[in-house]
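J.: Next come the chains, spelled out residue by residue.
There are 2 protein chains.
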Amino acid sequence: MNSPLFSLTPIGGVGEIGSNFTLISTLDSDIVIDCGLLFPYEDFFDINYLIPDFNFLNPQRLKAIIITHGHEDHIGALIHFMVRFPDLPIYAGSFTHELIKKKSLERNLKPKFVTYIENSVIELAGLEFHPIHVTHSIPETFGLFIKDLKSTWGALYISDFKFDLNPMFEKPFNIEKVIKLTKSVQRSAYFLDSTNALLNIKTDSERDLLPDLDFLISREDRRLFITLFASNIYRLNSICLMALKHKRKIVVLGRSVEFYIKAAMAAGFFDGVEEKDILDGSQVDPKNDRLLVIVSGCQGDFLSALRRLCFGEDSTFKLVPSDKVVFSSKVIPGNEKKISRIMNKITEFGAEVISAYDYRIHASGHPGLKDLQMILDQIQPDAYFPIHGESFFLKRHQDWIKNKYPQVKAELFYNGHSAVFYPDKTYKIREAKVVEPEIIHGKDLVIERTQISQRRKLACNGVVFLSIDPKKSKLVLTTQGLPLLVDSHHEKLEKLLWNRLHGDLAGRNEEYLKDQLRIIVRQFYQALLGYKPVTQVHLIA
Amino acid sequence: MNSPLFSLTPIGGVGEIGSNFTLISTLDSDIVIDCGLLFPYEDFFDINYLIPDFNFLNPQRLKAIIITHGHEDHIGALIHFMVRFPDLPIYAGSFTHELIKKKSLERNLKPKFVTYIENSVIELAGLEFHPIHVTHSIPETFGLFIKDLKSTWGALYISDFKFDLNPMFEKPFNIEKVIKLTKSVQRSAYFLDSTNALLNIKTDSERDLLPDLDFLISREDRRLFITLFASNIYRLNSICLMALKHKRKIVVLGRSVEFYIKAAMAAGFFDGVEEKDILDGSQVDPKNDRLLVIVSGCQGDFLSALRRLCFGEDSTFKLVPSDKVVFSSKVIPGNEKKISRIMNKITEFGAEVISAYDYRIHASGHPGLKDLQMILDQIQPDAYFPIHGESFFLKRHQDWIKNKYPQVKAELFYNGHSAVFYPDKTYKIREAKVVEPEIIHGKDLVIERTQISQRRKLACNGVVFLSIDPKKSKLVLTTQGLPLLVDSHHEKLEKLLWNRLHGDLAGRNEEYLKDQLRIIVRQFYQALLGYKPVTQVHLIA
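Note that the protein sequences, when read in sequence, are chains P and V. Numbering follows the working numbering, with no gaps: position 527 of the first sequence is 527. Quick note, the working numbering runs 1000 ahead of the 1-based positions in the second sequence.
Be aware that a few hints might be false.
Straight line, CA to CA, 25 angstroms or less: simulated SDA-like cross-link-like pairs of lysine to any residue [as the list claims (entries may be wrong)]:
1) Lys472/P <-> His1502/V
2) Lys202/P <-> Leu1199/V
3) Lys433/P <-> Lys1472/V
4) Lys1472/V <-> Leu513/P
If you are wondering where the hints come from, they were derived from the structure by calculation, not from laboratory data.
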């Protein structure tokens, strides 16, 4: 008999970007790794985000959830998960806990936190989970090496990392532990990050950015605005230290930068800077040339501080021609137009835009092919599964492995597939259940896909409301979202409706009447506008 | 007295991409150059496009419109313009006419076409317009050199070009004519393309793509799908010639490729390929390995042939693992996610994605800085105005000129500014009128911005429709676009409404009642959902 030792099933994050949620299953137990949210591919009308649909989970089998790091695509769905599974232990590093804490407090949730460190060995359901310190773009990012008690199979799972041996403020990527653990098992499988699998590069270290950041911050007696990913604590730390060195006042503009700096300070991850060094706009003369203003919103979000600043809507800071706005960031695909619009606005104020195209001021947190090579040249697994990326990236990652390391079995699998590991040292890829993510809007509520498509119809075609009391010969007709020219055609439509009501529709039953009135209205507007508005008919009989 | 010789005023296209529309004005006349459409910056709910608002134009002053080339951002608003100014002569090249003709026929418009060639001199309102043949990505693209009769000032206006001295199927960029005309005037101003002003490159010629395209088309006995910008006639021509050479059957999938090939053949711009060589899906065995299928929709548009093919929705062609899908194109900013989704789908069918990152199979139609340098190293104007680009690009273009050619006066101006040229050899930049573009939806109809924001509210918050007859104690309540959980709360809301109607609202006038009912409904849902749906109340009294 050859029943599986364990299996690894990505529910989200493999074949798409975001919503990282992976199931480790043994004969009778499940352990979840990460619980992230997904931002929608296409415009979903102001929804908050998408989360995995937890309905498929079996509460009896569920033993724990392990969080690898504190990015939203790894922790963003946790509040929903906690509501569903309030007693499940949540394993995470101390900084990650700090980030989760605030959200759970806001919702009166009291999760069972278990803090782990790199030296921990988490034993769950007959498996050992060995955390491995890796370098990424947020403090305390861990890979996990998962093995069965007999060390037949070991699975290295690192969804987010870059290979940095000389990072700022933290230890290097722990390649020694990867090698040691890989050698401790008879067979090994690696599950590694595909985010930059199209780029044949070695990703920069945060340290590589210091010269250009220092140059920009030291350079001139002029205001400097810097925007970046708010969770990039080590970069924030570097920037603040340089500001202090060059006698600039540090102002924080925007809640998310403020939140992350506070959380980092609380967890002891912000070196050489004190709370009193971090000011807000009310504590300074906003026209002071020696300001360095750190601004939230490098992706151009509609409600972000950066967008407000650059559209002239910030009450404290107004851009002037001597200002420089520095994007120490990259554009996440889908945000190109929002960001270029902001760059245009900055230019139109006469201020200067500086980006990572001009200076070496942004480093990705993910591995280029050369990062992967630096690992695989030292140690190779038996099987290799590209994860954390869209299908096209996974495929290119697989092709690269096949070509470069032909002795490694490079596999391609997507969300809803399981990699199953057996005691006889074999493995299989099996189809498991594909789970459609749920859409969250408003007060953490699920909104169904049918209702989203109603919203799309409303948005694309406008809406007509018709209330009618046939007996009293009364009718009220209003529209929303239609061109104003329709107003001058209302009388004509009303006449048409009464003609039909007093003609062929007289005496028909209510349902039939409502249907027919709806059809008349929609055809009338189709002829006038070229499309049929959503039409609601109320009969008050 | 120093009244202007002429002025040049961009209404669209300078500070944004698209909607090219430029006014040349003399003391008593206006000439329009180009009449393009604009695709919206942000999602405008299924609208067709934006066009310049023609209301500011004075019909008495208007003498003619000159079209430089047939791209939609230069001709896309013409049908609206023709309706407004049916008798105005439209100057264009013969291929551009062919493109405009179809749209005007569909709308029963009979525009007054005047065909010009490179040797023409168009005399209008005391100005000479000299067409200059330039290389771009559609046949028959012209620059215009505009001068007054005394040759005091000459303005070179080339909104779209690259500097190609060895193109396929057409003559090289006519730099000699630029030099000669510039030397024929006492003062000169250049208005040149900023699209690639961030790139310090020489843009490839179409000819540079031949080796890699030929390699892909010759290589294997497998089906090849190629998508590209449908208006890129010369590339289509190259691809078809290679297909014939390598004995592949040419199939066209999608209306826009079909339309452009037909128009090019009709105007004599498609060499060495006959109509019978271009097949549709019904004329071939769709599984034939020797097919080369040219597919519309390289930007991933929702209704495009490419998207349908890659989502498995095409009735004739189904992707299989041996297929290759070649993107001989670039991603227009804003379309990144649509296109990456398509690439993912292709990968998930097991087929191969090939793009311009892998092979040299796309060339821009716009000048990199080295193209501009190749012109300016030969001839320099007195003044220089970056055009055709977003503000940020214009600024970088200006900075580059200032740095590289300090003797040239590099100016920055945007839509709604005029460059005014005077007989005393001076010029000024003046503020003119900023014109907000109009939004077009459905049957070529304008939809107002207020109505678009109603649509946004409908889409983001859903809608509640309440009809009430207080006397009969009758009420109908329906919703659209709200989560299904609201249904179970309807009874509670109805009870609340009747309590108020029979309580504090009893006997109040109709307007007050409607307002209050609306407030009650919105507050009820706010408490339930966290947002207030659009609410319409009809009183049938």
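J.: Hint by hint, note whether the structure agrees.
T.: Structure-based check of each hint:
no.	hint	result
1	Lys472/P <-> His1502/V	holds, 23 angstroms
2	Lys202/P <-> Leu1199/V	holds, 23 angstroms
3	Lys433/P <-> Lys1472/V	violated, 53 angstroms
4	Lys1472/V <-> Leu513/P	holds, 20 angstroms
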